[in-house]
Amino acid sequence: AQSVAQPEDQVNVAEGNPLTVKCTYSVSGNPYLFWYVQYPNRGLQFLLKYITGDNLVKGSYGFEAEFNKSQTSFHLKKPSALVSDSALYFCAVRDRGSTLGRLYFGRGTQLTVWP
Amino acid sequence: NAGVTQTPKFQVLKTGQSMTLQCAQDMNHEYMSWYRQDPGMGLRLIHYSVGAGITDQGEVPNGYNVSRSTTEDFPLRLLSAAPSQTSVYFCASSYSFESSGNTIYFGEGSWLTVV
Numbered sequence: 001a002q003s004v005a006q007p008e009d010q011v012n013v014a015e016g017n018p019l020t021v022k023c024t025y026s027v028s029g030n031p032y033l034f035w036y037v038q039y040p041n042r043g044l045q046f047l048l049k050y051i052t053g054d055n056l057v058k059g060s061y062g063f064e065a066e067f068n069k070s071q072t073s074f075h076l077k078k079p080s081a082l083v084s085d086s087a088l089y090f091c092a093v094r095d096r097g098s099t100l101g102r103l104y105f106g107r108g109t110q111l112t113v114w115p
Numbered sequence: 001n002a003g004v005t006q007t008p009k010f011q012v013l014k015t016g017q018s019m020t021l022q023c024a025q026d027m028n029h030e031y032m033s034w035y036r037q038d039p040g041m042g043l044r045l046i047h048y049s050v051g052a053g054i055t056d057q058g059e060v061p062n063g064y065n066v067s068r069s070t071t072e073d074f075p076l077r078l079l080s081a082a083p084s085q086t087s088v089y090f091c092a093s094s095y096s097f098e099s100s101g102n103t104i105y106f107g108e109g110s111w112l113t114v115v
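Chains A and B supply the protein sequences, listed in that same order.
With the first letter of the first sequence counted as 1, position 70 gets the number 70 in the numbering used here; the numbers rise by one all the way through.
With the first letter of the second sequence counted as 1, position 73 gets the number 73 in the numbering used here; the numbers rise by one all the way through.
Keep in mind that the hints were calculated from the coordinates and are not lab data.
Using N, Cα and C, we set each Cβ at its ideal position, and we do this for glycine too.
A few of these clues could be false.
[Stated by the list, open to error] Covered stretches of chain B, as calculated for chain A (at least 3 residues, CB under 8 angstroms):
1) 14-22
2) 45-59
[To be verified] Sample of chain B residues lacking proximity to chain A, with all beta carbon distances greater than 10 angstroms (derived):
3) Ala2
4) Pro75
5) Ala92
6) Phe106
[As the list claims (entries may be wrong)] Taking CB as the label site, the calculated pair distances span:
7) B:Glu108 - A:Asn68: 32 to 40 angstroms
8) A:Ser70 - B:Pro83: 40 to 48 angstroms
9) B:Ala2 - A:Asn68: 35 to 43 angstroms
10) A:Lys69 - B:Val12: 44 to 52 angstroms
11) B:Ala82 - A:Thr72: 31 to 39 angstroms
12) A:Asn41 - B:Gly63: 20 to 28 angstroms
13) A:Pro115 - B:Ser18: 43 to 51 angstroms
14) B:Ala2 - A:Lys69: 25 to 33 angstroms
15) A:Gln71 - B:Thr70: 39 to 47 angstroms
16) A:Thr52 - B:Gly3: 21 to 29 angstroms
17) A:Asn55 - B:Val115: 43 to 51 angstroms
18) A:Ala5 - B:Met27: 29 to 37 angstroms
19) A:Leu56 - B:Pro83: 39 to 47 angstroms
20) B:Val12 - A:Pro7: 32 to 40 angstroms
Build out the structure end to end from the sequences listed, making use of the hints.
Below, the structure written as structure tokens:
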């Protein structure tokens, strides 16, 4: 069964420090991997995705994520955090062979960046 | 280009009432879906559609109906609202179901409270 785990409910970092939001997945075959961000009372905004090729994916707002097939992980990273990065982050996976076409979401990680 | 538009943004219902959440997209996307978001549970798929006239159930379909008479619109109907349906609902769409790597875009959400 497909699943996504975000092991940390909350991540707190100081502004200017690097941040990492962790994600591991379990899916049959090779997945498509996504990160979304949700600001309070707003919808989900697409950040980046891994389809194929380079394991390091660059996305919006200076975020990047590294696909590690052996560890089945897709951690989200940013070299220097901003207070405005504070939001709820979701990792999601889509099975390449799925006829359902759905995204499987993690439970979300609340990122707080302190000034 | 408005993207994915949901209405209403906020709604309070009494138990047993019915209502329809509207969703429209102007991107000519084939694939549309409805998710519900509950605290600590990520997003769960309710129903989805791979094109006009075609719908199917997702992970948590009970108590909800959908139809897809046009490419643009994908309304979600609550037949007889229950407190367990208190949630945030997101409509989502992507260009083509056949390529699972396509990004899924989300609406701004509909906050529903059933009392």
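Hint-by-hint comparison with the structure:
1. 14-22: Violated - the region 14-22 of chain B has 0 residues with a Cβ nearer than 8 angstroms to chain A, which falls short of three.
2. 45-59: The restraint on the region 45-59 of chain B holds, since 6 of its residues have a Cβ under 8 angstroms from chain A and three suffice.
3. Ala2: The assertion about B:Ala2 holds, with a minimum of 13 angstroms to chain A.
4. Pro75: Given that every Cβ of chain A is farther than 10 angstroms from that of B:Pro75, nearest at about 17 angstroms, it holds.
5. Ala92: With a cut-off of 10 angstroms, B:Ala92 comes too close to chain A, as the shortest Cβ separation is near 8 angstroms.
6. Phe106: violated, 4 angstroms
7. B:Glu108 - A:Asn68: 32 to 40 angstroms: Cβ of B:Glu108 to Cβ of A:Asn68: about 33 angstroms, so the range 32 to 40 angstroms holds.
8. A:Ser70 - B:Pro83: 40 to 48 angstroms: holds, 45 angstroms
9. B:Ala2 - A:Asn68: 35 to 43 angstroms: holds, 37 angstroms
10. A:Lys69 - B:Val12: 44 to 52 angstroms: Given about 47 angstroms between the Cβ atoms, the range holds.
11. B:Ala82 - A:Thr72: 31 to 39 angstroms: Holds, since B:Ala82 and A:Thr72 (Cβ atoms, about 37 angstroms apart) stay within the stated range.
12. A:Asn41 - B:Gly63: 20 to 28 angstroms: holds, 24 angstroms
13. A:Pro115 - B:Ser18: 43 to 51 angstroms: Taking Cβ atoms as reference, A:Pro115 and B:Ser18 lie about 47 angstroms apart, which means the hint holds.
14. B:Ala2 - A:Lys69: 25 to 33 angstroms: violated, 38 angstroms
15. A:Gln71 - B:Thr70: 39 to 47 angstroms: holds, 44 angstroms
16. A:Thr52 - B:Gly3: 21 to 29 angstroms: holds, 26 angstroms
17. A:Asn55 - B:Val115: 43 to 51 angstroms: Check passed, 49 angstroms falls within 43 to 51 angstroms.
18. A:Ala5 - B:Met27: 29 to 37 angstroms: holds, 31 angstroms
19. A:Leu56 - B:Pro83: 39 to 47 angstroms: holds, 45 angstroms
20. B:Val12 - A:Pro7: 32 to 40 angstroms: holds, 35 angstroms
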